[in-house]
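Let's have the full structure, built from the sequences with the hints guiding it.
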Amino acid sequence: KNQVEQSPQSLIILEGKNCTLQCNYTVSPFSNLRWYKQDTGRGPVSLTIMTFSENTKSNGRYTATLDADTKQSSLHITASQLSDSASYICVVSARGNTGFQKLVFGTGTRLLVSP
Amino acid sequence: DAGITQSPRHKVTETGTPVTLRCHQTENHRYMYWYRQDPGHGLRLIHYSYGVKDTDKGEVSDGYSVSRSKTEDFLLTLESATSSQTSVYFCAISPSDRANEQFFGPGTRLTVL
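Protein sequence lines correspond, in order, to chains R and X. Here the working numbering runs 2 ahead of the position in the first sequence, where the first position is 1. Here the working numbering runs 9 ahead of the position in the second sequence, where the first position is 1.
Treat the hints as calculated values from the structure; they're not laboratory data. Some clues are possibly wrong.
Looking from chain R toward chain X, a few residues come up when the C-beta cut is under 10 angstroms (computed) [claimed, not checked]: (1) Cys21; (2) Gln40; (3) Gly45; (4) Pro46; (5) Val47; (6) Ser48; (7) Ala88; (8) Ile91; (9) Cys92; (10) Val93; (11) Gln103; (12) Leu105; (13) Phe107; (14) Gly110.
Here a beta-carbon is modelled for each residue, glycine too, at the ideal position from N, C-alpha and C.
What follows is the structure, encoded as structure tokens:
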């Protein structure tokens, strides 16, 4: 069964600190992995996307890593800011038999950055 | 929100009533999707469209129907709303199914009493 599991479910850190969020997946056939940020009351917004051959990608203070062998990804946030408070969702894309890309969403990690 | 609007943004309705949610895009993207988001679940695909009048079911399509008569509009209809359909509904768009990402709308919070 295609699944995406994220940990921790929630996290509180002090402003300025770093944190790392984890994503494990069992999705096949793998096409790509994306991290989304979802602010409260808003739709998800893409942070990074990585294909099988990429093992790291950065977007400002956000750095995502991918280990396709162990089927694990992480999202590292550096020098956190209050505006980083949001849910972070790991999404893995699987190529279906018809060619349609099926997205499998994790339940997200809720991050609270405290002053 | 990448040229995507959803209406209404909030709705409260009673069990058994019909409800239609609208997604409108200004990006001229071919693909449009409807998802629902519930606590303890990741976003789940309800239906998607790959062109005008071309639609297909997602993983949680029971109780929902969709229509797409114009490129820019994708309607989600609950023929007879149930309390289990209380959720936040998101529309998303992408230029193709091989696009690197989908762009999401702001969401519609639906409560069925």
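Each hint tested on the structure:
1. Cys21: Result: violated, 21 angstroms to nearest chain X Cβ.
2. Gln40: At about 8 angstroms, which falls below the 10 angstroms cut-off, the nearest Cβ of chain X leaves the hint on Gln40 of chain R intact, so it holds.
3. Gly45: For Gly45 of chain R, the interface hint holds, since the closest Cβ of chain X sits about 3 angstroms away, which is under 10 angstroms.
4. Pro46: Status holds, d = 5 angstroms.
5. Val47: holds, 7 angstroms
6. Ser48: Nearest chain X Cβ about 5 angstroms off; hint holds.
7. Ala88: Ala88 of chain R check fails; min Cβ-Cβ to chain X is 13 angstroms, beyond 10 angstroms.
8. Ile91: holds, 7 angstroms
9. Cys92: Holds. Min distance 9 angstroms.
10. Val93: Since chain X brings a Cβ to about 8 angstroms from Val93 of chain R, closer than 10 angstroms, the hint holds.
11. Gln103: For Gln103 of chain R, the interface hint holds, since the closest Cβ of chain X sits about 5 angstroms away, which is under 10 angstroms.
12. Leu105: holds, 7 angstroms
13. Phe107: At about 3 angstroms, which falls below the 10 angstroms cut-off, the nearest Cβ of chain X leaves the hint on Phe107 of chain R intact, so it holds.
14. Gly110: holds, 7 angstroms
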